Amino acid sequence: MKKARTRAAAPKVTRGEVEELLFHEAALLDAWKLDEWLALLTEDARYEVPSNDRPDADPGGTLFTIADDIGRIRARIARLKDKNAHAEFPRSRTRRLISNVRVLGRNASELRVEANFVVYRFRRDESVREYVGRYRYVLRAGRGGLRIARRQAVLDAMELGSMGLVSFIL
Amino acid sequence: MNDRPLVLNEAASFRVNRATMVDPEILELERRRVFDVCWIYVGHESEVRTPGDFRTRTVCGRPVIFCRDSANAVRVFLNTCRHRGAMVCREAEGNAKIHTCFYHGWSYDRDGRLDGVPGEKDYPQSFRKADYGLMEPPRVESYRGFVFLNFDPKAVPLPEYLAGAKEYIDLVIDQSPSGQMEVIQGTQDYDIRANWKLLVENSFDDYHLLTTHSTWLDYLKNAGVKMQRPDREHLLPSHGVGKPLGNGHATTDNVNFRGRPVAKWIPVYGDAAKPEIERIRADLVARLGEARAARVADTNRNLIIFPNLLLADGSSVTIRTFYPIAPDRMRVRAIALGPKEETPSARAIRLDAFLTFYGPGGFATPDDVEALEMVQAGISATYREVPWSVMSRGMAKPGDQLNSDELHLRTFWLQWDKLMRTEPRAAQ
Chain A
32 MKKARTRAAA PKVTRGEVEE LLFHEAALLD AWKLDEWLAL LTEDARYEVP SNDRPDADPG
92 GTLFTIADDI GRIRARIARL KDKNAHAEFP RSRTRRLISN VRVLGRNASE LRVEANFVVY
152 RFRRDESVRE YVGRYRYVLR AGRGGLRIAR RQAVLDAMEL GSMGLVSFIL
Chain B
21 MNDRPLVLNE AASFRVNRAT MVDPEILELE RRRVFDVCWI YVGHESEVRT PGDFRTRTVC
81 GRPVIFCRDS ANAVRVFLNT CRHRGAMVCR EAEGNAKIHT CFYHGWSYDR DGRLDGVPGE
141 KDYPQSFRKA DYGLMEPPRV ESYRGFVFLN FDPKAVPLPE YLAGAKEYID LVIDQSPSGQ
201 MEVIQGTQDY DIRANWKLLV ENSFDDYHLL TTHSTWLDYL KNAGVKMQRP DREHLLPSHG
261 VGKPLGNGHA TTDNVNFRGR PVAKWIPVYG DAAKPEIERI RADLVARLGE ARAARVADTN
321 RNLIIFPNLL LADGSSVTIR TFYPIAPDRM RVRAIALGPK EETPSARAIR LDAFLTFYGP
381 GGFATPDDVE ALEMVQAGIS ATYREVPWSV MSRGMAKPGD QLNSDELHLR TFWLQWDKLM
441 RTEPRAAQ
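Taken in order, these protein sequences are the chains called A and B. Quick note: the first sequence uses the numbering used here, first residue 32, plus one each step. Quick note: the second sequence uses the numbering used here, first residue 21, plus one each step.
Heads up, some of the hints might be wrong.
Unchecked claim - From chain B, some residues computed to sit far from chain A (all C-beta separations above 12 Å): (1) 69; (2) 106; (3) 180; (4) 193; (5) 208; (6) 255; (7) 303; (8) 370; (9) 380; (10) 412; (11) 438; (12) 444.
As the list claims (entries may be wrong) - Computed cross-link-like contacts, BS3-like style, restricted to lysine-lysine with a CA-CA straight-line distance of at most 25 Å: (13) A:112 with B:117; (14) B:149 with B:117; (15) B:117 with A:114; (16) A:112 with B:246.
Keep in mind the hints are simulated off the structure, nothing from the lab. Nothing here was measured: the structure is a model prediction, and the numbers come from that model. In this text, a Cβ means the ideal position worked out from N, Cα and C, and glycines have one as well.
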């Protein structure tokens, strides 16, 4: 990550640098380093999980599972750090596998990126819950390096079903 | 069943036997004695708008096609081919003139009539297509857009069944100038590893708010929402009651402190949303008068329509219905409801407010789910040694039964117990 901290220009960002950011993000989330994860986001970042039956919709007119602006993301993190966030106490253990990273478009300051994910979630003595899907990112290049302006986790399952909750950061 | 009391209702003690949450025989009996004789929610008329529109879903354990027929009437068909039984319609939603069973090619029109039978001439002369339309539940009726079915042909009409719940449905409908609420697209379908009746209790139990949802209350406080310190009589920041409505239905009815997209602004919505909420409020007053507008906007109500439908008119409007798939597991389907004529900006505020509390990624529902799963985990293996749960709050108390008391929960359980002791008509 050291390299990406220097000024980045979107036209020159390589897929390797994008992957480094995404893998770093996954490691932070799996380690529940939530404040460090917040630092990867822009001041106007959004985090969204669409409803399973409307994966391509807009949150203004469609019920999502999660549709956070940066204020709500910060409130979500504050909640998750409180042990009274019962759904995540004790915390789940997660392990994220990120692959098929593609840069699908770019302009002077931003990159549009997609990646596949599998997130394994372990709770107490329960059997594993598997969250499979793809991320849609908008990454912004600037003085602080590459940062995440938009992060949408789109699940492939027809319904949440046995996954149950999205009570952690997916 | 009769020699084994499951609900003990005494002068100052109300107890529920935990076997009701665990025993597979009780679940099987519930399917016949509760679900098959009650009006069960299917969907909302706005989900199928024009002839041929359909949605497939599971209602009361049965696969059904919920649709509009050629005369624009809402219909419900059992989704099983009259020939050999395959599910005819395999898509989640769409519009179709004909539903064809792919197995042998029998096809049905949108009125459910058997339309085509490949090689029809090889059936005996007595074979008549008119005898083999898609089957329908014995009864399908709707109230103000909410469609229900009943597997008991002799059931009382839906409006009679809904009893006092009608007044509370009307309060939801009054949010729309034209009296038309619509389902907003996007469905939250998720499982909870707990008995379905635990979600009935939880859905309108305000006793758990302070402890289960402290992080949500902190979120509101940090955003600047003002909450009164409860006085000696109250556990919660505002006054609210629990109220039986007949036939096992019950509701909470609370003075609102948590904001309402119709039409009570709180800082969580952001300053930009303030003029829009004020405009909705002014329209509401102009249309309904000051008193009724305040009734609609300044109270929030969680209404349970017996046995498995919640209309939560709180931080937003959500319809939640749930069905047992095992004694310790239920499937939940939740959607959002909004006025048909809502502006895009008001709709966005409504959906944003929804997600502050409700749903599998909300700031409150996940902790409810955790509570229910912890109850199930706690009782599943111990219900013989620790057989009774206590539900006596508010009993023998003068004055209002509060939302943090348990009268409304007892109302559900008494109806459940009555039905569980009643032989279904067909078996008599």
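Hint by hint, here is what the structure shows:
Look at residue 69 (chain B): its CB is around 16 Å from the nearest CB on chain A, clear of 12 Å, so calling it non-interface holds up. Listed as a non-interface residue, residue 106 (chain B) keeps its Cβ farther than 12 Å from every Cβ of chain A; the least gap is roughly 19 Å. No beta-carbon of chain A comes within 12 Å of the beta-carbon of residue 180 (chain B); the shortest separation is about 33 Å. The Cβ of residue 193 (chain B) lies farther than 12 Å from every Cβ of chain A, with a closest approach of about 19 Å, so its non-interface assignment holds.
With a closest Cβ-Cβ approach of about 6 Å to chain A, residue 208 (chain B) is found to fall inside the 12 Å limit, against its non-interface label. With 12 Å as the threshold on Cβ separation, the claim that residue 255 (chain B) sits away from chain A holds: the shortest Cβ distance comes to roughly 17 Å. Its beta-carbon lying about 20 Å from the closest one in chain A, residue 303 (chain B) satisfies the requirement of being farther than 12 Å from that chain. For residue 370 (chain B), the condition that its CB be more than 12 Å from all CB atoms of chain A is violated, with the nearest at approximately 10 Å.
Not every C-beta of chain A lies more than 12 Å from that of residue 380 (chain B), the closest at about 5 Å, which undercuts listing it as non-interface. At roughly 25 Å, the least C-beta separation between residue 412 (chain B) and chain A is larger than 12 Å, which holds for a residue marked as non-interface. Against the 12 Å criterion, residue 438 (chain B) stays outside the reach of chain A, whose nearest CB is about 33 Å from its own CB. A cut-off of 12 Å between C-beta atoms confirms that residue 444 (chain B) is not in contact with chain A; the least separation is 31 Å.
The suggested pairing of residue 112 (chain A) with residue 117 (chain B) is violated, with an alpha-carbon distance near 53 Å, which exceeds 25 Å. With a C-alpha separation of about 18 Å, the suggested pairing of residue 149 (chain B) with residue 117 (chain B) holds against the 25 Å cut-off. A distance of roughly 54 Å separates the Cα atoms of residue 117 (chain B) and residue 114 (chain A); the hinted pair therefore is violated under the 25 Å criterion. Distance restraint check for residue 112 (chain A) and residue 246 (chain B): the Cα-Cα separation of roughly 23 Å lies within the 25 Å cut-off, and the hinted pair is therefore satisfied.
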